[in-house]
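*Asks:* In case you want the letters, here they are:
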Amino acid sequence: MPATPGYYAEGPEALVVSLAAKGDRTAFAELVRRRQGWIRTLMRRCSGDPALADDLSQQVFLRAWRKISQLKDMDKFGSWLKQMAINEWLQFKRKNDALRGAEGEASITLARHDTTAIGMDLDSAMALLPGPVSLCIALSYHERMTHDEIAELTSIQPGTVKSHIRRGSQRLRELLVAYDETKELEETHE
Amino acid sequence: MSDERDPVLETLFAESKIEVSENGFSDQVMAGVEKRRRNVLLGRIGLVALLVVFEFLLSGPLQQSAGAMAQALSTSLIEIETGWLADVLAPLNSVAGLIGVSLVGVHSLYRKIVR
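Note that the protein sequences, when read in sequence, are chains A and B. Mapped onto our numbering, the consecutive letters of the first sequence carry residue numbers 1 to 190. Mapped onto our numbering, the consecutive letters of the second sequence carry residue numbers 191 to 305.
What the hints contain is simulated information worked out from the structure, not anything from laboratory work. Please note that the accuracy of each hint is not assured.
[Said to hold, decoys possible] SDA-like, lysine to any residue: derived pairs with alpha carbons at most 25 angstroms apart:
{"hint": "1", "chain 1": "A", "residue 1": "22", "chain 2": "A", "residue 2": "33"}
{"hint": "2", "chain 1": "A", "residue 1": "22", "chain 2": "B", "residue 2": "229"}
{"hint": "3", "chain 1": "B", "residue 1": "225", "chain 2": "A", "residue 2": "24"}
{"hint": "4", "chain 1": "A", "residue 1": "93", "chain 2": "A", "residue 2": "159"}
{"hint": "5", "chain 1": "A", "residue 1": "76", "chain 2": "A", "residue 2": "7"}
{"hint": "6", "chain 1": "B", "residue 1": "225", "chain 2": "A", "residue 2": "62"}
{"hint": "7", "chain 1": "A", "residue 1": "72", "chain 2": "A", "residue 2": "23"}
{"hint": "8", "chain 1": "A", "residue 1": "162", "chain 2": "B", "residue 2": "197"}
{"hint": "9", "chain 1": "A", "residue 1": "22", "chain 2": "B", "residue 2": "222"}
{"hint": "10", "chain 1": "A", "residue 1": "22", "chain 2": "B", "residue 2": "230"}
{"hint": "11", "chain 1": "A", "residue 1": "93", "chain 2": "B", "residue 2": "208"}
{"hint": "12", "chain 1": "B", "residue 1": "302", "chain 2": "B", "residue 2": "280"}
{"hint": "13", "chain 1": "A", "residue 1": "162", "chain 2": "A", "residue 2": "67"}
{"hint": "14", "chain 1": "B", "residue 1": "207", "chain 2": "A", "residue 2": "159"}
{"hint": "15", "chain 1": "A", "residue 1": "67", "chain 2": "B", "residue 2": "288"}
{"hint": "16", "chain 1": "A", "residue 1": "76", "chain 2": "A", "residue 2": "18"}
{"hint": "17", "chain 1": "A", "residue 1": "67", "chain 2": "B", "residue 2": "228"}
{"hint": "18", "chain 1": "B", "residue 1": "225", "chain 2": "A", "residue 2": "84"}
{"hint": "19", "chain 1": "A", "residue 1": "67", "chain 2": "B", "residue 2": "207"}
{"hint": "20", "chain 1": "A", "residue 1": "67", "chain 2": "A", "residue 2": "94"}
{"hint": "21", "chain 1": "B", "residue 1": "207", "chain 2": "A", "residue 2": "26"}
{"hint": "22", "chain 1": "B", "residue 1": "225", "chain 2": "A", "residue 2": "26"}
[As the list claims (entries may be wrong)] Heads up, incomplete: computed chain A residues facing chain B, CB under 10 angstroms, no partners named:
{"hint": "23", "residue": "58"}
{"hint": "24", "residue": "93"}
{"hint": "25", "residue": "145"}
Remember, predicted model here, so these are calculated numbers, not experimental data. By construction, the Cβ of each residue, glycine as well, lies at the ideal position given by its N, Cα and C atoms.
Make a model of the complete structure from these sequences and hints.
*Replies:* Below is the structure:
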């Protein structure tokens with residue numbers, strides 16, 4: 001009898017992964033349900049575009065479905081999927097940057113009204129960074145990963161990770177300079 | 191390695207929490223999985239059907255043509271009585287050898303003319 005949706009909801013992940021690896025689509029649907037929020041948030045952070053983030057996330061899961069039978073250690077599904085998401089993002093940016101040209105002198109118009117607007121401004125600013133830079137920034141600030149962890153996960157040299165984060169942070173500060181001024185004003189009033 | 195983060199950016203990242211609602215995302219992914227499974231299945235059925243048709247329609251004539259061609263290509267140009275000498279010269283003393291040598295000659299001639 002085929003499993004119904006939610007059948008695996010309480011199951012340990014390694015077990016659900018091993019069932020999915022044997023071709024159980026209900027088990028895979030459960031993995032998608034569990035991990036979709038995290039993958040989409042990371043993609044959203046990197047791309048700054050919700051629709052694009054969802055498209056890329058969908059590609060990540062479809063690729064995962066194709067390759068899950070090759071996964072040897074079921075406990076490492078999370079990091080395996082994260083690796084796949086990172087590769088998807090870098091691949092997308094390589095294609096896109098080649099078409100669009102490298103980092104431009106673009107600027108953004110800040111909204112700066114509430115926390116939703118802060119998110120939008122941050123998304124717009126992140127979208128202007130080159131792929132590997134936005135990825136390193138997202139993993140550092142959003143995922144709270146160390147430089148070494150980022151280097152290991154992305155296969156980028158630790159020195160390059162450090163320089164990407166430094167360069168990306170500077171660029172973000174330039175793009176979001178108005179937030180510095182707001183902060184200074186608030187501190188003066190206090 | 192220093193993992194220091196810019197405090198202003200840290201604040202901005204912390205304040206801009208992203209709320210991602212499910213909104214049928216998992217269903218979309220699973221629809222894609224199902225579509226792919228269907229396409230793979232259809233592709234396999236198509237390939238098998240093509241092979242069966244190929245086998246029925248073309249295997250006989252193809253085998254006959256290949257056999258006839260192999261026989262024609264291996265036909266000796268000059269009859270050599272000595273067995274071992276015939277074997278040694280077989281690659282050259284055949285229609286295939288003649289075609290090969292001709293092709294090499296035409297190629298050399300072409301290169302000379304082009305230069």
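*Asks:* Hint by hint, which ones does this structure get wrong, listed from lowest number up?
*Replies:* 12, 13, 14, 15, 19, 21 and 24
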